[in-house]
Each structure stands twice: as structure tokens, then as C-alpha cells.
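Turn these sequences into a full structure, and let the hints guide you.
Next come the chains, spelled out residue by residue.
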Amino acid sequence: MRPWMKFTIGLAAALAAGWLFHGPAGGGARFLDALQAHAELRVRYTELPGIRVEMERAPMRRTAILSGPADDFQRNGMGSYPGLNERIATIPGIAGVRWAEGHRGIGGARLPLLAETLILCALAFLVGLGIGRLVFGRRKRTSFLD
Amino acid sequence: MMTLLRADIVPLAVALAIGLATGWWMFRHLRYRPRPNSSEGSDPQ
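Protein chains in written order, with my numbering: chain F, 1 to 146; chain Y, 1001 to 1045.
Treat the hints with care, since some could be wrong.
With a cut-off of at most 25 Å between alpha-carbon atoms, the simulated SDA-like pairs for lysine to any residue come out as follows [said to hold, decoys possible]:
1. F:Lys6 / Y:Thr1003
2. F:Lys6 / F:Ala115
3. F:Lys6 / Y:Phe1027
4. F:Lys6 / F:Phe136
5. F:Lys6 / F:Leu134
6. F:Lys140 / Y:Met1002
7. F:Lys6 / Y:Met1002
8. F:Lys6 / Y:Arg1028
Partial chain Y-side listing against chain F, Cβ under 7 Å, derived [said to hold, decoys possible]:
9. Asp1008
10. Ile1009
11. Pro1011
Some residues of chain F that are not near chain Y, with every Cβ distance over 12 Å (derived) [stated by the list, open to error]:
12. Pro49
13. Ser67
14. Thr142
Honestly, the hints are just simulated from the structure, not real lab data.
Just so it is clear, CB atoms sit at the ideal spot from N, CA and C, and this is done for glycine as well.
Structure below.
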């Protein structure tokens, strides 16, 4: 079998593992659930009534969607006092914030979570392949003179 | 990004293992290639 076919089969298997974990095994949804719970806690801490936060689910992204009545100060803060946008955007794992009503948020368009997972899986595959090349590509020593 | 890496640790470990296995599959023949003859061209005393 040609080397590029072996490479393609290996890469496809690594990407399939990433997709299986993300979709059918529910890894992506669990990750977004954890982020959403963290974000809801921060929104509750601000004690602003009627503000809701959800993670983008179709497609799954690490973007928080805020909705509800909030003025510009409550959304963006002032000086060193952070608004809702900054409070949510600084949660580890959240890549951006936007408002359902169209107000300005933080962070631009991000890749879907599945794409991020697949890119990381492809990089992990390449790292493994490189280690495999170093370990298995060396000539076996057949005597102490080698 | 670190949070995402931690959340995806299982598929990343699997992908790394698959990469390692593919490396073995692609490069194992190099392990038994003949040793270059270093004395070729030299004039032994």
C-alpha cells in the first residue's frame, strides 16, 4: 500500500474519533452545558432581572448569546467596571458574546466547535505521526558497533 | 483554548495513538534498512 494511502486512512480514523466524541458520544454538548452553567452563574451574580444566556447550539459554537432588557452601561460597563459582555467573555472556554437583539458583543465569528475539535485531532495525529517516525523510523541496532 | 484542550483530552489522546500507529505502519520498513557501508572507498591498513 502506498504511504499516502496509509496517511489518509490514519488521518480519517483520527478525525472519525474526534467526530464520534463530539457528536454521538455527546462531548460537545456536555462542554457547552458546562460553559452555559458557568455563564448563568455570572449573570445571576449581576442581579439584573430578565437577562438570559445560552450557548449557540446550531451549529455548536463557543459563543454565548445574551438576551433581555439591559442598557448600554449594563452591557458594556464603564472604565474598570465590567459589563455583562466582559463578564461572560472572560469565562475560560467562551470565545465570544453576542446579543440576540443585535447589540454589539465581544469577539467575532468563531469556528463551529466540531471544526475546532477536528483541527485539534488532526494536529494530535500529526504529532503522533512525527513521534512514530522518530521511534519506528530509526534503523534497528544489530550490533554494538551500529 | 486550554479549556477546550482539557475538554477534548479523550479524542486527542485517541488521535495521538492513531498517529503513532500510522507512524509505525508507514515507517517500520526503515527499521530494517541495510546499514551504510562506512568502510567503502577507504583503504584498510
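Classify the hint on Y:Asp1008 as holds or violated, based on whether any CB of chain F lies nearer than 7 Å to its CB.
-> Hint holds; Y:Asp1008 Cβ to chain F Cβ min 6 Å, cut 7 Å.
If you draw a straight line from the CA of F:Lys6 to the CA of F:Ala115, is it 25 Å or shorter?
-> 23 Å, holds
Regarding the pair F:Lys6 and Y:Arg1028, is the alpha-carbon distance no greater than 25 Å?
-> 12 Å, holds
Is it true that the CA of F:Lys6 sits at most 25 Å from the CA of F:Phe136?
-> Given pair F:Lys6, F:Phe136 holds - Cα atoms ~15 Å apart, limit 25 Å.
Do the numbers back the hint for Y:Ile1009, that is, is its least Cβ distance to chain F under 7 Å?
-> Violated, about 10 Å.
Whether F:Thr142 stays farther than 12 Å from all C-beta atoms of chain Y, as the label says = Non-interface label on F:Thr142 violated, nearest chain Y Cβ at 7 Å vs cutoff 12 Å.
Does F:Pro49 sit more than 12 Å from chain Y, CB to CB?
-> Given that every Cβ of chain Y is farther than 12 Å from that of F:Pro49, nearest at about 29 Å, it holds.
Sort out whether Y:Met1002 lies within 25 Å of F:Lys140, counting only the CA atoms.
-> Not OK: F:Lys140 and Y:Met1002 at ~38 Å, beyond 25 Å, violated.
Given the hinted pair F:Lys6 and Y:Phe1027, is their alpha-carbon gap at most 25 Å?
-> The given pair, whose Cα atoms are some 10 Å apart, holds under the 25 Å limit.
Distance restraint between F:Lys6 and Y:Met1002, which requires alpha-carbon spacing of 25 Å or less | Violated. F:Lys6 to Y:Met1002 sits at ~31 Å, over the 25 Å cutoff.
Hinted pair F:Lys6 and F:Leu134, Cα distance within 25 Å | OK: F:Lys6 and F:Leu134 at ~17 Å, within 25 Å.
Does Y:Pro1011 pass the interface check with chain F, least Cβ-Cβ distance below 7 Å?
-> 4 Å, holds
Hints 1, 6, 7, 10, 14, counting from the list given before, are not met by this structure.
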